[in-house]
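Novice: The whole structure should be built from the sequences, with the hints applied where relevant.
Here is how the chains run, residue by residue.
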Amino acid sequence: MTDVTMTVNGKAVTRSVPDTMLLSDFLREELRLTGTHIGCDTSQCGACVVHLDGKAVKSCTALAVACDGARVTTIEGLATGGVLHPMQKAFNDNHGLQCGFCTTGMIMTGVDMVNRYRAAGRTLDEAAIRHELEGNICRCTGYHNIVKAISQAAAEMAAPQAAE
Amino acid sequence: MRATVSIRGGAHTPEPHESAVGHVTGSAPYTDDIPEPVGTLHACLGLSEIAHGRIVSMDLDAVRAAPGVVAVLTAADIPGANDISPTGLGDDPVFPTDTVAYHGQPLFAVVAETRDQARRAAALARIACDPLPAILGVEAALDAGAPDVTPPLTLARGDAEAALQAAPHRLQGRMRIGGQDHMYLEGQIAFAIPGEDGTLTVHCSTQHPAEAQQMVAQVLGLPFNAVTVQVRRMGGGFGGKETQMNLFAAVAALAATRLDRPVKLRPDRDQDMIATGKRHDFVADYDVGFDAEGRIQAVDARLAARCGFSADLSGPVTDRALFHADNGYFYPHVRLASRPLKTNTVSNTAFRGFGGPQGAVVAERIVEEIAFALGEDPLTIRQRNFYGPGRDVTPYHQRVEDNILPRLVAELEASSDYRARRAAILDFNAQGGVARRGIALTPVKFGISFTATWYNQAGALVHIYKDGSVGLNHGGTEMGQGLFTKVAQVVASALQVDLARIRVTATATDKVPNTSATAASSGADLNGMAALDACRKLKARLVAFASDRWDVAADAVAFAPNEVRVGDAAIPFDAFVKEAYMARVALSATGFYKTPKIHWDRANGQGRPFYYFAYGAAVSEVEIDTLAGEYQVTRTDILHDVGRSLNPAIDLGQVEGGFVQGMGWLTTEELWWDADGRLRTHAPSTYKIPLASDRPRRFNVALADWSENREMTIRRSKAVGEPPIILAISVVEALSMAVASVADYRVCPRLDTPVTPERVLMAVEGLRAAGDG
Chain G
1 MTDVTMTVNG KAVTRSVPDT MLLSDFLREE LRLTGTHIGC DTSQCGACVV HLDGKAVKSC
61 TALAVACDGA RVTTIEGLAT GGVLHPMQKA FNDNHGLQCG FCTTGMIMTG VDMVNRYRAA
121 GRTLDEAAIR HELEGNICRC TGYHNIVKAI SQAAAEMAAP QAAE
Chain C
1 MRATVSIRGG AHTPEPHESA VGHVTGSAPY TDDIPEPVGT LHACLGLSEI AHGRIVSMDL
61 DAVRAAPGVV AVLTAADIPG ANDISPTGLG DDPVFPTDTV AYHGQPLFAV VAETRDQARR
121 AAALARIACD PLPAILGVEA ALDAGAPDVT PPLTLARGDA EAALQAAPHR LQGRMRIGGQ
181 DHMYLEGQIA FAIPGEDGTL TVHCSTQHPA EAQQMVAQVL GLPFNAVTVQ VRRMGGGFGG
241 KETQMNLFAA VAALAATRLD RPVKLRPDRD QDMIATGKRH DFVADYDVGF DAEGRIQAVD
301 ARLAARCGFS ADLSGPVTDR ALFHADNGYF YPHVRLASRP LKTNTVSNTA FRGFGGPQGA
361 VVAERIVEEI AFALGEDPLT IRQRNFYGPG RDVTPYHQRV EDNILPRLVA ELEASSDYRA
421 RRAAILDFNA QGGVARRGIA LTPVKFGISF TATWYNQAGA LVHIYKDGSV GLNHGGTEMG
481 QGLFTKVAQV VASALQVDLA RIRVTATATD KVPNTSATAA SSGADLNGMA ALDACRKLKA
541 RLVAFASDRW DVAADAVAFA PNEVRVGDAA IPFDAFVKEA YMARVALSAT GFYKTPKIHW
601 DRANGQGRPF YYFAYGAAVS EVEIDTLAGE YQVTRTDILH DVGRSLNPAI DLGQVEGGFV
661 QGMGWLTTEE LWWDADGRLR THAPSTYKIP LASDRPRRFN VALADWSENR EMTIRRSKAV
721 GEPPIILAIS VVEALSMAVA SVADYRVCPR LDTPVTPERV LMAVEGLRAA GDG
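For the protein sequence lines, the chains are G and C, in the order given. Just so we're aligned, residue 1 is where the first sequence starts under the working numbering, counting upward by one. Just so we're aligned, residue 1 is where the second sequence starts under the working numbering, counting upward by one.
Since the hints were derived computationally from the structure, they do not count as laboratory data. No experiment lies behind these values; they were computed from the predicted model shown. Even for Gly, the Cβ is constructed at its ideal location relative to N, Cα and C. Incorrect hints may appear among the rest.
[What the hints assert, rightly or not] With a straight-line Cα cutoff of 30 Å, these simulated DSSO-like cross-link-like pairs (lysine-lysine) come out:
(1) C:Lys688 with G:Lys148
(2) C:Lys578 with C:Lys466
(3) C:Lys594 with C:Lys539
(4) G:Lys55 with C:Lys594
[What the hints assert, rightly or not] To be clear about the criterion: a stretch of chain C counts as covered by chain G if any three or more of its residues have a C-beta under 8 Å from a C-beta of chain G, and this derived list gives those stretches:
(5) 19-28
(6) 181-192
(7) 473-482
(8) 655-668
(9) 679-687
(10) 692-706
[Claimed, not checked] Under 7 Å between C-beta atoms, here's a sample of chain G residues computed to sit facing chain C:
(11) Gly39
(12) Ala79
(13) Val83
(14) Gln98
(15) Phe101
(16) Thr104
(17) Arg130
(18) Leu133
Specialist: Now the structure itself:
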């Protein structure tokens, strides 16, 4: 067991956890942040994407102990003051979800791609969104409304720091 | 005046999914998110590592001795029946006792303090078996004379043999159609919590809580009323949780009962894919006679399916394949036969379309063959063979009464500019480049109703609380398809209250009993009607109350938006409800519905198994690289019939998602068993469902807004869940055209599915080699 301290959704947390514990399990089981979903256990599906120091990672690929000192944002930390983040609002507005299981990971990936493209001064067009979503799978929607949602949010996200 | 105001969120409006805000904030819990009581244990299954053999010994000592292990459970621990066969055939053990029937079959369960400990312990089992010969695929089963897992079906009308012999043209062919893993993002899971007096509650990701309840009860030897199964939502189902949750529910319940502690069983993705059933793969042999115009005279076809080691739902699945082996076409003389073959593989199960898509693929292949044989545009052949007045009897002797498919196809043909685009593609391909293009328009006709007639019933429960808020519960389950939203919209319209007043609660066997699976696209049809029935009862009581209380005629009482008109007065709904409560009016009602008109005589292959048909059509255009086999779907246009849509946004989502899921089945999703019967594609790393980049580059989807169900369905809507899968056949045929171009369309490429890039390349090379030779 090792003590781990992280800032999760703006709050400092410390837990003593096994060295083999995945970040996804740490978030779900230690902190009960169950909006991070486990879809495939093998870093393929993207349902467990969170932001680690501002960058999207699949939390089933990271060990909790390796995230000591890190800043983690999960889906639960995205809305501020009860107001949906533009990416969350866009998924709602565009019917960008059905069963909802991939949705939280899609949103975290969507926020990350908008931020990265903005920081690099690149245009996040539809083709780019489709390419960027290669690590997130959805079995329900056919991606049509997911892509529309990310496009809308990209237009609405005023500043690159909106994710954090 | 208030008269012009309407309720917010009523039927036919594009409301967001009822859990949309919960989903985008991560606050909508799935089964794995339910807080675990102190003392919760975790189970893991131990799987067979051979495909077929006699069990000599099961040495589980090391499993028992592993850290954290609390118990190991085998067949000997089952107090009731060791059977979870959904059709009661007794061929589906929880754990086998003497014979292993497929690679990956669960043999035992280990229960430990943590999930990690259970998984590590399960790997320590030492199972000794005497191997037996294993039959794995359809063709092997046919060659070996393997038995059927359940009685086959024959549909016949007219004299197919004589008509085939008399036909001016005749051809035969064989098509292999692959299976499909459900790949629901939320895997199987069951969480059993013991209750008082020998009862228990099982939270389970299931499309069929009543069946999970029955299976748990029969495995534990309990009456049904001792078992409550509950599910608020699933992270996808697609048919994969219609029966396949039974094993997980039964094992979690068995462990919880034995140990008197809560037990959760969530297999990892690999176990989930290895140990649960899939869409049936088929081998179809067809013989068709037709005239010089391409009009079909007779069809004789055999559809043989891999069913795995047990029947599961293979009987109704292979029946439905035959029911759809006409797709939209009239066969004057026909004989269709199924072969539900037993194999040493995981038992195949329900998957969105339930055999229907496989049958429709065969129909479209037959038409495509005729078009190639005559050198015609396949759409022309399709249109010549559609059902129509005087040519309207199906192989199962049900008449097609509405015949809207020709109109729908004609509209799509025009709106997609099909003929001009096809001409342009023929010109493009004539240039002889590496890139070749194809385009195809294929239709959908899908029969709506469970073919097991007794399944076509539903119950609902509607409460009006004395503050005017409404509680809604019904037997249907929410798997993302928007059922809860649609039924709530029906209730909102019936009671004339805003949708926000209505809360839908988890499907639970102690609220609405004896429910059917949420399957066969029937969820909104059945549960919407049951909920409406409950609302009608409540409204009748409220009208009687108001008529009495304010001394007006019953027809002077009307439900207006968020208020009740009583004579000239308008009373806000909550105030009205409170008055009714004070006057001791019962404000809770059950509703019930059974589908009318349907009947089915399986022994004679005749009846009206379907209440109505849902239709659609798609045009897809593709471009292939003839040197690599790779391809892109460049454009798809869809026109789909959902009757009068209960929720156009949700229905469009079903059509888009269903098309892409069907495209995955027919193009990239390849299940691969090795020679030892081991599934080699058991994770998304090797099993490829469509990605965002695979979706057609241009994707125009529309609902046929003029369509209304001619039958008295819920608000004249039509079922939408399964039919869109069949739209994806357009991609296969477009690929076929592109491939055929390398041999100047003289030969039908007879592509098997999935049409992977590898198969495209092999087909191109094959045609070229034949041309050179």
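Novice: For every hint, state whether the structure bears it out.
Specialist: A quick look at each hint next to the structure:
1. C:Lys688 with G:Lys148: Holds: C:Lys688 and G:Lys148 sit about 23 Å apart, inside 30 Å.
2. C:Lys578 with C:Lys466: holds (5 Å)
3. C:Lys594 with C:Lys539: It holds: about 21 Å lies between the C-alpha atoms, which stays within 30 Å.
4. G:Lys55 with C:Lys594: This hinted pair is violated, its Cα atoms lying about 53 Å apart.
5. 19-28: holds (count 10)
6. 181-192: Three-residue rule met by the stretch 181-192 of chain C, so holds; n is 6.
7. 473-482: holds (count 4)
8. 655-668: It holds, with 6 qualifying residues against the three required.
9. 679-687: holds (count 3)
10. 692-706: holds (count 5)
11. Gly39: holds (5 Å)
12. Ala79: holds (6 Å)
13. Val83: At about 11 Å, which exceeds the 7 Å cut-off, the nearest Cβ of chain C leaves the hint on G:Val83 violated.
14. Gln98: holds (4 Å)
15. Phe101: holds (3 Å)
16. Thr104: Because about 5 Å separates G:Thr104 from the closest Cβ in chain C, which is inside the 7 Å limit, the hint holds.
17. Arg130: holds (4 Å)
18. Leu133: holds (4 Å)
Checked against the numbered hints above, the structure breaks hints 4, 13 and satisfies the rest.
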